[in-house]
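Colleague: Based on the sequences and whatever the hints tell you, model everything.
Chains as they are written, first to last, in my numbering: chain P, 1 to 317; chain B, 1 to 239.
No lab work stands behind these hints, which were simulated from the structure alone. Among these hints, one or two may not hold up.
Said to hold, decoys possible - Cut-off 30 Å, straight-line C-alpha distance, at most; resulting in silico cross-link-like pairs (DSS-like, lysine-lysine): (1) B:LYS6 x B:LYS184; (2) P:LYS185 x B:LYS106; (3) P:LYS185 x B:LYS109.
Keep in mind the model is a prediction, meaning the values are calculated, not measured.
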Amino acid sequence: MNFSVITTQFWSLVLQGLALGLIYALVSLGYTMVYGVLRLINFANSEVFMIGTFATLYLEVHVLGYATNSPSLHGAKLIWTLFLVFVGAMIACALIAMLVELVAYRRLRARGANRLASLISAIGVSIALLEGMRIITISRPMTTPRLLDKWSFGQFHGANFRIDTMMAIVVPIIIFVVLDRFVTKSRLGKSIRAVSMSEENSKLMGININRVITLTFCIGGLTTGAAAFIYTTVYENTVFNVGFNMGIAAFTAAVLGGIGNLRGAFYGGIALGMLEQFASAMLGSQWKAVTVFTVLVVVLLFKPNGLFGEAVQQTRT
Amino acid sequence: MRLEIKDLRVHYGKIEAIKGVSVVVNEGEIVTLIGANGAGKTTILKTISGLRPVSSGSINFDGQDINKIPAHERVDLGISQVPEGRGIFPGMTVLENLEMGKFNRKDRKNEMDEDLDRVYTLFPRLKERASQAGGTLSGGEQQMLAMGRALMARPKVLLLDEPSMGLAPQMIANIFRIITEINKQGVTILLVEQNAQQALQRAHRAYILETGNVTKEAAAADLLNDPAVREAYLGTGAH
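Modeller: So, in structure tokens, the structure goes:
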């Protein structure tokens with residue numbers, strides 16, 4: 001056990017934990033938004049993330065024509081290229097997420113199937129997407145071109161403020177602020193909150209429930225796509241089962257923060273990212289999962305609804 | 001005729017909850033459905049607003065068969081329901097709750113101020129509490145909010161499900177006074193109540209419902225003096 005890292009690497013661990021945690025947080029929105037309105041765990045979201053990483057790769061390599069040995073981009077061209085890929089990955093994920101809802105959930109719901117049927121359907125879709133991608137990619141990991149040169153803003157007490165680390169922190173924060181405003185202030189956002197409080201009473205207001213459900217899958221897909229883009233840009237590779245660990249981490253973050261709760265996803269993601277970083281540094285990376293899940297169990301023992309028990313949609317105005 | 005229900009049958013699984021009920025609500029009336037727990041009153045309202053599917057029979061609104069119209073579009077036609085237990089959105093402010101009542105109206109922005117005014121005039125308490133979360137209101141205030149929210153949609157027919165439930169006597173009197181007031185403003189009302197005394201005093205006509213069947217239909221004033229009704233629904237000692 002190595003406690004000295006807490007003092008020697010503190011800021012570095014915090015920075016890395018934040019970057020990782022905020023990626024988790026974005027993906028966990030794909031679980032938490034859907035859970036909020038449907039009370040359904042959208043297991044297929046991990047594979048939506050996977051599709052997002054491949055969409056990023058596909059856009060960079062096949063649409064824009066960059067090879068793994070292409071030189072990095074600079075200036076306006078860099079910004080535009082990354083922005084294009086970013087938006088493309090988000091749209092791809094949103095479309096997949098909405099398609100999953102249409103194919104795997106909507107008909108079941110219309111027939112009044114119980115939640116267990118939807119849950120199995122979700123797992124089924126998830127496996128189909130995963131194994132489909134395994135066949136397409138012949139199980140091979142793939143490397144993406146380094147479009148973004150990994151320069152650093154500088155060091156602070158051993159923490160390296162690299163451009164991609166900063167991107168992984170700043171972009172999710174912006175997305176969360178925008179989404180929080182959307183859900184609390186806009187008419188459509190309020191319809192999401194209304195359905196999460198009561199489906200029946202929302203219908204009486206004239207809210208089209210199916211449209212709200214599609215909207216939440218769309219938003220979950222957009223944020224998961226953003227996470228996939230950031231992940232791929234930071235780690236520069238992907239593989240067909242990349243969604244598995246990410247899915248478990250993001251789902252854990254959602255539960256830790258309080259599933260169904262937007263801010264819970266945010267803080268749950270950060271908490272999880274930090275925990276992982278500190279546990280790895282102090283106990284060795286093999287202890288990472290043990291620590292994380294022990295903490296999860298302990299938190300749930302004392303706060304069964306997660307750190308932010310009540311859904312934000314319900315308590316906030 | 002605003003609303004005409006003909007030979008309505010509704011099932012919960014295999015159990016027939018409504019066994020061929022016919023009800024007519026004319027323009028400008030207050031009609032009340034009276035009956036004990038489990039008689040099917042709430043089911044009838046939910047079927048009119050589209051929350052429950054019809055097994056057989058028809059529901060006509062302004063001469064149009066609305067059986068195939070989904071619940072969220074019936075609000076646009078002019079049918080608003082105040083559900084049993086108020087059904088307000090607890091995490092939204094009073095104002096937000098009221099705004100939700102207009103969710104689908106095309107002219108929302110232009111109508112908003114006028115309709116808020118109208119609701120605040122009927123329920124001054126709501127104006128004082130406009131920025132308070134709906135879940136923090138008292139039962140009576142929540143009932144006012146639920147009614148105000150339904151009025152925001154400018155309904156032609158207002159379906160009220162047990163508006164007096166769980167309220168103090170003074171608040172009950174207040175709510176019923178406002179129901180009459182809303183009716184005088186031109187809104188047709190179908191009122192479901194266990195508080196038969198109040199409902200019959202306020203209504204023009206009434207139907208008595210027993211286990212999914214209408215057993216009696218008459219002018220409300222007649223039922224108030226009907227010995228059998230007095231015994232069953234008003235308590236024998238009442239006079």
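Colleague: None of the hints should be skipped; say for each whether it holds.
Modeller: Checked hints:
For the hint pairing LYS6 of chain B with LYS184 of chain B, the CA-to-CA distance comes to about 27 Å; that is within 30 Å, so the pair holds. Note on LYS185 of chain P and LYS106 of chain B: the hinted pairing holds, with a Cα-Cα distance of about 19 Å set against a maximum of 30 Å. Proximity of LYS185 of chain P to LYS109 of chain B is assessed by CA-CA distance (about 15 Å); at most 30 Å being required, the pair is judged to hold.
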